[in-house]
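Trainee: Turn these sequences into a full structure, and let the hints steer you where they fit.
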Amino acid sequence: MHHKPSRKSLFITIGIVLVFFIGWELAVSISQTPVYLLPAPSRVVKTLITHPDTFAQATFLTLAEALSGLLIGVLAGILLASVLTLLPGIEDGVMTLAILIKSTPMVAIAPLLTLWLGFGVLPKIIITALMSFFPVLINVLSGMQRIDPAHHDLFRSWNANRWEIFRFLRAPSAVPYLFTALKITGPLSLIGAVVAEWTGASGGLGRTMWMAYTNLNLPFLFAAIFILAAAGMIIYRIITWAEEKAVFWQPAQFNS
Amino acid sequence: MQISIKSLSHQYFNGKTTHALEDIHLNIPQKQFVALIGPSGCGKSTLIRLIANLISPSIGAIKIGQIDPQTAIENGQIAWMAQSPALLPWLTVEGNLKLADRFQKGRQKRKLSIEQVLERVGLAGAADQHPFTLSGGMQQRLALARLLLQDAPIWLMDEPFAALDELTRERLTEELFSLWKDFSPTVLWITHNIHEAVKLSDRILVFSDQPGRIIADIPNSIPHPRLENQHDFQDLLSRLRAVLHQESVGSFVDAP
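Line order of the protein sequences matches chains E and Y. Residue numbers for the first sequence follow our numbering, so the first one is 1 and each next one is one higher. Residue numbers for the second sequence follow our numbering, so the first one is 1001 and each next one is one higher.
These are computed hints drawn from the structure, not numbers from a lab. Incorrect hints may have been included.
Covered stretches of chain E, going by a simulated chain Y footprint (3 or more residues, C-beta under 8 Å) [what the hints assert, rightly or not]:
id	stretch
1	154-161
2	217-227
Pulled a few chain Y residues facing chain E out of the computed Cβ check, cut under 10 Å [as the list claims (entries may be wrong)]:
id	residue
3	Arg1049
4	Glu1074
5	Met1081
6	Ser1084
7	Leu1087
8	Ala1100
9	Ala1143
10	Phe1177
11	Ser1178
12	His1231
13	Phe1233
Every value quoted in this text rests on a predicted model; they were computed, and no experiment measured them. Note that CB positions come from ideal geometry on N, CA and C, so glycine has one too.
Mentor: See below:
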């Protein structure tokens, strides 16, 4: 019942990715595009291989920022969704504030945080947490609120109190919704960390990209992009894998 | 446990006022098996939801023995079962029963253990399975087991088997009857199937279309086992059909 990627679909995926990169490689070499505009993928990979320590350090720092921010944002989102579910009276006020924060562009907040808090990891973690928080809040809150009326009737007939309904019914019902949010915020957390680094940092892939960009060192810039894309995909895969384990009672998707 | 209902009326407000029930007077002696039939939306569900304290009546009073529905729920005297088995998908068969058992705390020792109720409904081997691995009929068997575990003197059942195929429904209806014989609860059972109503019940209440009133209160004392080809079975069936037919013609003529 659960979706398992078949061997066939795996080959198709690899095929599509290969066609993309081969096309890129050929286009660059045929059109003689200069490397400061668009480097060929082979050149990017060569850059990666020749500077392993530089990229490893930057990647480690950015990943650490992104995942700490993600963790904080997710925990805060779950906590606030729980509070709003248990105390529905304050929902409108808190949600207005949350939407206000959400609507403020992160590219505007990031330089401010850097100004206030310096070039260290803290502003990056805050930005990533702010970006992760909102999708988790919205999704988990709907999961906790949209429970099956038949379940609710049953718990009422058991004389369950509000807390018991929360603990045994609302919280587990929200788990699938939490994973929906994680699939959005997981890869997004990398963007949060990179955007924050771009506004001023002492390390990380964002800083690597910014330096490469100002020096028109495009192979370096693209190498960082390749790492980010790969890391984002790996994070996404880990989340979907965890989802299948945690939300085992729901068939994943009906593709293939 | 006896249920007595005096001058009960109930209205819904959802944009316009719906008179779900009007002036219901009813006495149900303990251990009676009562079938409630009538057109869809005629207030049968509203009536048993009122008795289960899932909603509060607009006018009138319900007494369960000497107490009100709220107290009866607090004392665990009412068991509820509906068309949806309302199983928690993240819990195993046993986990679902253990959860129900949690809410029986502080009450007098129940008659049957989890193993015994599973045995009774024919799910003895399925304790470690999850509900999504069970067929619809087995899921309702589990809901029946949960109801048994509650050991309540009153069973309120809102079309519990309506979503099942005919053969499964017939089997479960027989199962319900055998449980009633063994445990002698007072049963209020909503059904759309007049054959089943005649086959099982001690008494049949026929409801009118909105506003819901009891238009016929028919005792059923045909001796068991009741067979469809018996004279008195067929007589009662025709009588019910006549009442229901009159009701639907009546509401048609009354329409503006």
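Trainee: List in ascending order the numbers of the hints, as given earlier, that are violated by the structure.
Mentor: 2, 10, 11, 12, 13
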